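*Asks:* So you can see what is in the structure, the chains are spelled out below.
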Amino acid sequence: MRVTIVDYGAGNVPSVERALERLGAESQRTPSPDDISKAEALLLPGVGHYAALVRALDEQNMRAALIGAIQRGVPFLGICLGLQVLYQSSEEAPQLGGLDLLPGTVCALPSNVKLPHMGWNQVAARRSSRLLDGIESSAYFYFAHSYAVRDSQEASAATCWHGATFAAVVEKHNIFAVQFHPEKSGDAGARLLQNFLKIAA
Amino acid sequence: MSLAHRIIPCLDTDGQRVVKGVNFVGLRDAGDPVALAARYNREGADELVVLDIAASRDRRPTFLETIRRVAAELAIPLTAGGGIRTREDGRAVVRAGADKITVNTAAVERPELISELSLEFGAQAVVLAIDAKRAGGHWDVMVRGGRESASLDAIEWAKKGVQFGAGEILLTSVDRDGTQMGFDTTLTSAISRAVSVPVIASGGAKLPEHFVDVFKEGAADAALAASIFHDGVQSIRTLKEFLAARGVEVRLSC
Numbered sequence: 067m068r069v070t071i072v073d074y075g076a077g078n079v080p081s082v083e084r085a086l087e088r089l090g091a092e093s094q095r096t097p098s099p100d101d102i103s104k105a106e107a108l109l110l111p112g113v114g115h116y117a118a119l120v121r122a123l124d125e126q127n128m129r130a131a132l133i134g135a136i137q138r139g140v141p142f143l144g145i146c147l148g149l150q151v152l153y154q155s156s157e158e159a160p161q162l163g164g165l166d167l168l169p170g171t172v173c174a175l176p177s178n179v180k181l182p183h184m185g186w187n188q189v190a191a192r193r194s195s196r197l198l199d200g201i202e203s204s205a206y207f208y209f210a211h212s213y214a215v216r217d218s219q220e221a222s223a224a225t226c227w228h229g230a231t232f233a234a235v236v237e238k239h240n241i242f243a244v245q246f247h248p249e250k251s252g253d254a255g256a257r258l259l260q261n262f263l264k265i266a267a
Numbered sequence: 002m003s004l005a006h007r008i009i010p011c012l013d014t015d016g017q018r019v020v021k022g023v024n025f026v027g028l029r030d031a032g033d034p035v036a037l038a039a040r041y042n043r044e045g046a047d048e049l050v051v052l053d054i055a056a057s058r059d060r061r062p063t064f065l066e067t068i069r070r071v072a073a074e075l076a077i078p079l080t081a082g083g084g085i086r087t088r089e090d091g092r093a094v095v096r097a098g099a100d101k102i103t104v105n106t107a108a109v110e111r112p113e114l115i116s117e118l119s120l121e122f123g124a125q126a127v128v129l130a131i132d133a134k135r136a137g138g139h140w141d142v143m144v145r146g147g148r149e150s151a152s153l154d155a156i157e158w159a160k161k162g163v164q165f166g167a168g169e170i171l172l173t174s175v176d177r178d179g180t181q182m183g184f185d186t187t188l189t190s191a192i193s194r195a196v197s198v199p200v201i202a203s204g205g206a207k208l209p210e211h212f213v214d215v216f217k218e219g220a221a222d223a224a225l226a227a228s229i230f231h232d233g234v235q236s237i238r239t240l241k242e243f244l245a246a247r248g249v250e251v252r253l254s255c
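Chains as they are written, first to last, in my numbering: chain B, 67 to 267; chain U, 2 to 255.
Keep in mind that the hints were calculated from the coordinates and are not lab data. Fair warning: this is a prediction, and the values are worked out from it, not measured in the lab. A portion of the hints provided could be inaccurate.
[To be verified] Examples of chain U residues lying across from chain B (beta carbon under 10 Å, computed):
# : residue
1 : A93
2 : S197
3 : I229
[As the list claims (entries may be wrong)] Covered stretches of chain U (chain B as the covering partner; in silico rule of three or more C-beta atoms under 8 Å from a C-beta of chain B):
# : stretch
4 : 123-129
5 : 210-221
Beta carbons are placed, not taken as given, at the ideal position from N, Cα and C, and that holds for glycine.
Put together the whole structure using the sequences plus the hints.
*Replies:* Spelled out as structure tokens, the structure:
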């Protein structure tokens, strides 16, 4: 099985590639809708501004291919913005629609705490999670974001708190997503990526 | 459940070698940033900062290669900087594998640089480094490696930097840097309470108590040090265990 990394031209693709390589997984990075349509497993890493990701998906005709593959049941892992883009829209760029595969919207975290939410935080499981399998509940993950899915969503398998409770781990059928950066989260992050590889295999 | 306080080792390099205070026990090549990075990654560092301390144009390719090799060792975030003057400089550092970029003198001269980097990479990727020196009742911003005054008030500059799009402040006390007398908790607290973004305190660390003070009294979100880690004066793991025992939330697992 090979992981197809959706390369929309920004962000942390090399660190995701290295993290997969350390786990012995084969990966291919591509901006091509054809490659996305043919993928066995998809990974969308995202960092930076929501608008940059959505614009790139549209300008490079990746939106339909991505939605099609996910709806056909291809295992998908979204990281950070790659989680946020699964929802209907985001306050960070209200005029641009997300992939709308999950109900809900992305909101700014409250301003009574330091933003961005930057650093290592713990997550609270709401139900059994395949991504968190074998990871201690006290584990820390690395977060770097100011927006999050704050509504209480049925897809959210674990939450985190920074001024408000938000979705940290999302699992619904073949859709998996995390608000933190597993590729930057030490051993716990490596285990989470390995869990995804097992699910996708 | 809340955000852990971060411990961040810093590698000051001349582009390819760590240049100050390196006497790391048990390392075959103590000046090699790659070997040090691998060690800190294993020992539970929360992030790593790599700086080119006397950045010059002709040495830039060497520094970028250092970033690439260091990034390959890390499963934690990497911040890189030193001599970043343009968006292209920032882009090169990110492409080489850095998650965050630090800017200092060039941002004082042209604050729009902060906005340009923030728009392209996101605020979470832009760290404004401020070197502050006490001048009577306030702190002056120093530039060019702490040698020249920029005639700016450090608190005002920190606020302005955040307005321009910085997502984090790396605050160094020029008065304390290298003294091992402890962090300047008064300065750190003043800046941390004035801005909405996380603040990394730097300068003066030696004892574990210094870290307790900067987190509790200084309201720092993270603390950075260089030579005490390189020289083995402090082990990151022992330091974190000390902090946890004093009620400071830290990440003990790796």
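*Asks:* Give a verdict on every hint.
*Replies:* Hints and how they fare:
no.	hint	in the structure
1	A93	13 Å, violated
2	S197	6 Å, holds
3	I229	21 Å, violated
4	123-129	holds (count 4)
5	210-221	violated (count 0)
Going down the numbered hints, you'll see the structure goes against 1, 3, 5, while the others check out.
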